[in-house]
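Colleague: In case you want the letters, here they are:
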Amino acid sequence: MTDHLTFEQLCDLADGALDAGAAAVVRQHLTSCDECAAQLRALAALGDAAASLPLSVSPPDDLWVDIRGQLAPRAMAGRGRITSWRLPQLAAAAVVIAVGSSALTALVIRGAQPHTQTRDRIVSSTISVPTALPARLESAENGYTRSINALQLVLADRRDSLAPSTVATVEHSLRIADSAIAEARAALASDPANAALAALFNSNYERKIDVLRRATELAPRT
Amino acid sequence: MRLHWLAAAGTIAVTAAIAPLAAQQKVNVGHLASPTVSVRLFTAAIGSVHVVGWEKDSIELTGVVPNGSRVETSGGPPLEAVKGMKMFVETPTELTGREGQLVLKVPRGARVWVKTGTTDMDVTGVTGGLDLNVVGGSITVHGSSRELRAESMDAHVIVEGSPQWARIKTATGNITMRGGMDIGASTISGTIRSSGGDVERAKLESTTGGIVFASDLARSASVELESHSGTIEVELLRRGDVELDVATITGAIENQWSKTRPVPGREGRGMTLTTSWGMNSGHITVRSFKGQVQVRSR
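Protein sequences, first through last, are from chains A and B. Just add 42 to wherever you are in the first sequence, counting from 1, and you've got the numbering used here. Just add 156 to wherever you are in the second sequence, counting from 1, and you've got the numbering used here.
Take these hints with a grain of salt, some might be off.
As the list claims (entries may be wrong) - Far from chain B, by Cβ distances over 10 Å, these chain A residues were calculated: (1) 46; (2) 49; (3) 50; (4) 53; (5) 64; (6) 73; (7) 80; (8) 84; (9) 174; (10) 176; (11) 234; (12) 242.
To be verified - Simulated crosslink set (EDC-like; lysine to aspartate or glutamate; CA at most 20 Å straight-line): (13) B:271 to B:338; (14) B:239 to B:338; (15) B:359 to B:303; (16) B:242 to A:259; (17) B:359 to B:391; (18) B:271 to A:259.
No lab work stands behind these hints, which were simulated from the structure alone. No experiment lies behind these values; they were computed from the predicted model shown. A virtual CB, placed ideally from N, CA and C, is assigned to each residue, including glycine.
Chain B with its partners taken away, still in its complex shape (with noise of 0.2 Å):
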């Protein structure tokens, strides 16, 4: 496979062939790459790009994109391992870039960037560093990546793994995740849901989207849940190990995890609630404006 590799850096790892048959070309650009290699890819509106972390040296990228697009790539000398590099591929518009697709394949330690108009792009084994921004779509992660950064306008984002640390971002999009060691979550309208998988230190915030949190606590685990107008459900263990704190300014709080009752505002306005259970190694900090809040057991 080096051998491969090498033909390829030895043709200036850029080869963009012309299919014969469809109104599409072929994308194979391929190059040495060092283990942490730092890779972007820049496209406009694409129709699929998918990101995979393999065990070999080299990055690929392999697709198709309509006619007429533009390949641009900047590495460093053909026979030499890359620390980075840097891939673009301009479609000539929108309508006919969604007819592309693209396969990034690069070492599992790799920092991966990708920004990219709307597609859904779906990212798998790579254990290094990912920054993902997309507009609309989707963005799937697979695997635990040492570092997430996920934005998008409207693009939903769900994330498989746990990884050590995220900070994902959207304006409509849905954010689905299981936890992680430290994440972050912010949306205008979409809903955020974090269920399985250990937390160790959370925020999840929106401004009308409701809020799921069902994750465990790690010990000592520090989570804040945020709303103005959203709902939001928390799903703590029967007997979990946490202190809640809950208050709202003009909504109403659900208890059904502990004998506790919430208590109205001093003037009768909004709600508050402290609970808790075991030796509050974990904390939750609940603050909503005027949507409901709901916790139970799971």
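One chain only, chain A, in its complex shape (with noise of 0.2 Å):
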């Protein structure tokens, strides 16, 4: 079938503004009609996303904390103590401002699922292997990815610093989050429409971020 549906018509059908007659006319269409009835289907997904999506976005609670610690350093400069501690500051200042921008895509992406919660198809066991995600779930794992890599460069400058005690902590609670992210991971692979899975999965994420960048900010020698 080559006479399609416009898309107007389409977007006026999903949003219920055709009158009776014109909307059975489309109606009928889409009955022979795969490639639009799938248009249809996409649009209505779309505004269904749109509706659930937050009216307000709030950084996150460490944002200004972390910047305003970022700022008075840099008031103070000249200082001996305060100068030997500027670049990694100002790297945890850059870092945050990455793991901040992730944390809101990953919350308009986690927003934007559909409401449908299916729980088919759960995959428990920890699958080291990458599986293939959703693009929307692609997209925030690549924008956590780079936040933990920033963030591992500086805690690796900052590692002898530590007491190996502190390291050790911090290498356990790593493991784990990794550990719980493959299997979200590899459960979501099998369920990609499980809004409540893809909820954990960022929250895997957004805790395992959160311990880095507090082991960034630690003081020497702890």
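The two chains are supplied separately, each in an independent frame; assemble them into the complex guided by the hints.
Modeller: So this is what it looks like as structure tokens:
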């Protein structure tokens, strides 16, 4: 079939803006045109997703505190001790902004997921082999990964200044987080429409990033 | 007492005298301060830090630190009440630092920021803001501050009051609290327990640590409990006015609060439970990947 419905017709139908007669004609076409029907479903899903977005998106609670933490040392530039802290702190500030950005992205993506909560085809074992994720989650994961990589660089620079027990605690926590992420990721690959699972997946990443962030901010010899 | 402080301020507010018999030096720092002064204390690992909110219009830092420690402060002019003050204590080594003890007294409405290594920190009577950051040891907060932020790696955090706003984060440390108007607690493998007190808005989350929620719900309360593999226990009043929405990916749900039975997931994996009582003015959402969820009466 080549005589497809226009985008406007589909939008109006999805929005309920067509009168009864026009709607009947459009619906008749949809019964015999898979392409238009698929486009209508996509539009409807987009509408549902948009409706579920938060009215406002607040930045993460930590963002301002961390930015403020970077501003204070700048005001005291020239004092020996503070100067010695500036580079890592500035790096941490950049990372904090990256983390905040990732968190906001994840928040929006999470809000855009359909409300259907299917819990089928669960995989509970830890799988380390990367598996495909839905595009929205893959995008979120890329953002998380960038933040994690940046934080790990900062942490690697500071590792020698931390107490061995602290390093052990951090590494232990990161291993736990990685294991949880892998499990959630594997489950999502089998059940990509599961909104609750997607939320758990994001939360695991956010807690991992939070541990990394705090580790980069610890005082020397702790 | 005011004369005492003027005298102290006249000597640039800082005194560090070496104790004659022990390998420690005394710390005695003081300054006039506004009622809502912002105080920052930074120390490396130290045995204990005790923060006290008092009725006086001054700040006082006292205690003992190992010999060779450096104590620095920056405030305002000696005879003026400062709006902000920074204090820095550096000990020669982490090991010797653990022998130190500090007591920081601030006006009740002060905003206090403390960052330290491993320490046992105790806060009493501060009604302003608290921003506490330790690595190991413990944080205990008595009284209800307006704002509380507490972060640790493996230190346990105990909040015995009900802050208006609280955000508590640990890696492996346990978190214990008595509700609060707006609370958030997050941990990787520590446990989280909120019992007693009222909660208006809360989000408690862990990766492997268990979560226990047994606080009362304020009207229109919203509570989210989330864990990857930790057990989540929800203890509700037998006829609590609440709607409960529980979902797990693979974990089991056990409901002893109402007669509603959990329903298996669509293909037999995971479970869901939706149950309520009363006008549903409060709402609790529970999400777990593979941890068990237990709902019961208290």
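Colleague: Are the hints correct? Go through all of them and say.
Modeller: Now the hints, each set against the structure:
1. No Cβ of chain B approaches the Cβ of residue 46 of chain A within 10 Å, the least distance being about 34 Å, so the stated non-interface status holds.
2. The claim that residue 49 of chain A lies off the interface holds: its Cβ sits roughly 34 Å from the closest Cβ of chain B, which is beyond the 10 Å cut-off.
3. Residue 50 of chain A, annotated as away from the interface, keeps every beta carbon of chain B farther than 10 Å; the closest lies near 37 Å.
4. Distance to chain B confirms residue 53 of chain A as a non-interface residue, since its nearest Cβ pair spans about 32 Å, more than 10 Å.
5. Every beta carbon of chain B lies more than 10 Å from that of residue 64 of chain A, the smallest distance being close to 37 Å; the non-interface claim holds.
6. Listed as a non-interface residue, residue 73 of chain A keeps its Cβ farther than 10 Å from every Cβ of chain B; the least gap is roughly 28 Å.
7. Consistency note on residue 80 of chain A: stated as away from chain B, and its beta-carbon is indeed over 10 Å from all of that chain's, at 24 Å minimum.
8. Consistency note on residue 84 of chain A: stated as away from chain B, and its beta-carbon is indeed over 10 Å from all of that chain's, at 23 Å minimum.
9. For residue 174 of chain A, the shortest C-beta to C-beta distance to chain B comes to about 19 Å, beyond the 10 Å cut-off, and the non-interface label holds.
10. Taking the minimum C-beta to C-beta distance to chain B, about 16 Å, the non-interface status of residue 176 of chain A holds against the 10 Å cut.
11. For residue 234 of chain A, the shortest C-beta to C-beta distance to chain B comes to about 13 Å, beyond the 10 Å cut-off, and the non-interface label holds.
12. Annotated as non-interface, residue 242 of chain A brings its C-beta within 10 Å of a C-beta of chain B; the closest such distance is 5 Å.
13. Pair hint residue 271 of chain B plus residue 338 of chain B does not hold up; C-alpha atoms about 23 Å apart against a cutoff of 20 Å.
14. Taken as a hint, the residue 239 of chain B and residue 338 of chain B pair is broken in the structure, with Cα atoms around 27 Å apart against an allowance of 20 Å.
15. Between the alpha carbons of residue 359 of chain B and residue 303 of chain B the distance comes to roughly 16 Å, so the proposed pair stays at or under 20 Å and holds.
16. Simply put, residue 242 of chain B and residue 259 of chain A have alpha-carbon atoms about 18 Å apart, close enough for the 20 Å limit, and the pair holds.
17. Straight-line distance between C-alpha atoms of residue 359 of chain B and residue 391 of chain B comes to about 16 Å, which keeps the hinted pair within the 20 Å bound.
18. Between residue 271 of chain B and residue 259 of chain A the CA atoms are separated by roughly 10 Å; this keeps the pair inside 20 Å, and the hint holds.
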